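Novice: Sequence:
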Amino acid sequence: MRYELHDSRVLTWSLETHVTTHCNLRCAQCCPLSPHLPAWAVSPQALAEDLRRLARVLKPNVFKLTGGEPFLHPDLPAVLDVVRASGLTEQVSVTTNGFLAQSAPDAVYERLDRMTLSFYTSAPLPERSIARITERCDRHGVHLSVKAIDRFQRITPDAPLTSDAEVRDVFDTCWLKQRCHLVHQGRFFTCTRPPHVATVFAAEHPHLPALVEHDGVPLDDPDLLTRLLAYLERDTPLTTCRHCLGSSGPWEPHAQLPRARAAS
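Residues 957 to 1220 in this note's numbering are what the sequence shown lists, from first letter to last.
Please note: incorrect hints may appear among the correct ones.
What the hints assert, rightly or not - Within a straight-line C-alpha distance of at most 20 Å, the following computed EDC-like cross-link-like pairs (lysine to aspartate or glutamate) qualify: (1) LYS1015 <-> GLU1091; (2) LYS1103 <-> ASP963; (3) LYS1103 <-> GLU960; (4) LYS1103 <-> GLU1122; (5) LYS1015 <-> GLU1160; (6) LYS1015 <-> ASP1037; (7) LYS1015 <-> GLU1005; (8) LYS1103 <-> ASP1125; (9) LYS1015 <-> ASP963; (10) LYS1015 <-> GLU1208; (11) LYS1015 <-> ASP1069; (12) LYS1015 <-> ASP1177; (13) LYS1103 <-> ASP1128; (14) LYS1015 <-> GLU1046.
Said to hold, decoys possible - Simulated restraints, written as ranges between beta carbons of each label pair: (15) ASP1094 <-> ASP1176: 38 to 46 Å; (16) ARG1110 <-> TRP996: 39 to 47 Å; (17) SER1203 <-> HIS992: 37 to 45 Å; (18) ARG1012 <-> HIS1096: 36 to 44 Å; (19) ASP1179 <-> HIS1096: 36 to 44 Å.
Treat the hints as calculated values from the structure; they're not laboratory data. The structure presented is a predicted model; accordingly, all values stated were derived computationally and were not measured. For every residue, glycine included, the Cβ atom is placed at its ideal position computed from N, Cα and C.
Starting from the given sequences, assemble the full structure and let the hints guide the process.
Specialist: Put into structure tokens, the structure is as follows:
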């Protein structure tokens, strides 16, 4: 993959940030591993600093607020404000399961251009809720896309891949590295997996916390443009690819994991 430059900024399809890492659903094979992560919400001030640095070298077509479930954030309008103020992109989108979006304040809808509503067959959103969200998007000029999802691709292997050929195949065939660029806690990642794989499996695999350093570009790098472009155009797998199936895993019916029981 080769990227074009415009005014010393790399042109990309999209950039996303995980507004929260936790979610009100527990989807099996969740790409960012939300059911297994502790509750966390991005600080608008920290995100503003990350986007200030990125806006000098990156120009995505659209900026996506994802999660976790973004509507769990305690101050989503403030997050949207810093995205707008960054000048990073003109298109701002949110991806949601919709359960909390229907009752969100108007201030959220007023700051959005697009909304992607994921309709999961394992946790279906009531039709009246979809109608309510549709009406609010229409009223505020937000383009709504409803995606019916009845299956997920298995993305986390039962054990780390042992074959270098397997790892290479995962990397070569994976579309996440082009379509799921992530800014998270001071670093740019070519996909959403490195910071969360490191968090979830660190106890089992003590080397994994280093994934964040190996597989992400620090935004305070003095030559950020050069390093970012080389990172995006690399043809070698990420360290994380050994702990991921990318887009090569088998498809499975969509399902919810059972709720964790509270300790007695």
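Novice: If a hint holds in the structure, say so; if it doesn't, say that too.
Specialist: Status of the hints after comparison with the structure:
1. LYS1015 <-> GLU1091: It is violated: about 31 Å lies between the C-alpha atoms, which goes past 20 Å.
2. LYS1103 <-> ASP963: 35 Å, violated
3. LYS1103 <-> GLU960: At roughly 30 Å apart (the allowed maximum being 20 Å), GLU960 and LYS1103 break the hint.
4. LYS1103 <-> GLU1122: 31 Å, violated
5. LYS1015 <-> GLU1160: Violated, at roughly 38 Å.
6. LYS1015 <-> ASP1037: 18 Å, holds
7. LYS1015 <-> GLU1005: 16 Å, holds
8. LYS1103 <-> ASP1125: 28 Å, violated
9. LYS1015 <-> ASP963: Holds, at roughly 10 Å.
10. LYS1015 <-> GLU1208: Roughly 35 Å separates the two Cα atoms, so the pair is violated.
11. LYS1015 <-> ASP1069: 17 Å, holds
12. LYS1015 <-> ASP1177: With Cα atoms ~18 Å apart, LYS1015 and ASP1177 stay inside 20 Å; holds.
13. LYS1103 <-> ASP1128: This hinted pair is violated, its Cα atoms lying about 26 Å apart.
14. LYS1015 <-> GLU1046: Holds, because 10 Å separates the two Cα atoms, which is no more than 20 Å.
15. ASP1094 <-> ASP1176: 38 to 46 Å: The hinted range 38 to 46 Å holds for ASP1094 and ASP1176, with Cβ atoms some 42 Å apart.
16. ARG1110 <-> TRP996: 39 to 47 Å: The hint (39 to 47 Å, Cβ to Cβ) is violated, given that ARG1110 and TRP996 are roughly 25 Å apart.
17. SER1203 <-> HIS992: 37 to 45 Å: Given about 21 Å between the Cβ atoms, the range is violated.
18. ARG1012 <-> HIS1096: 36 to 44 Å: 31 Å, violated
19. ASP1179 <-> HIS1096: 36 to 44 Å: 41 Å, holds
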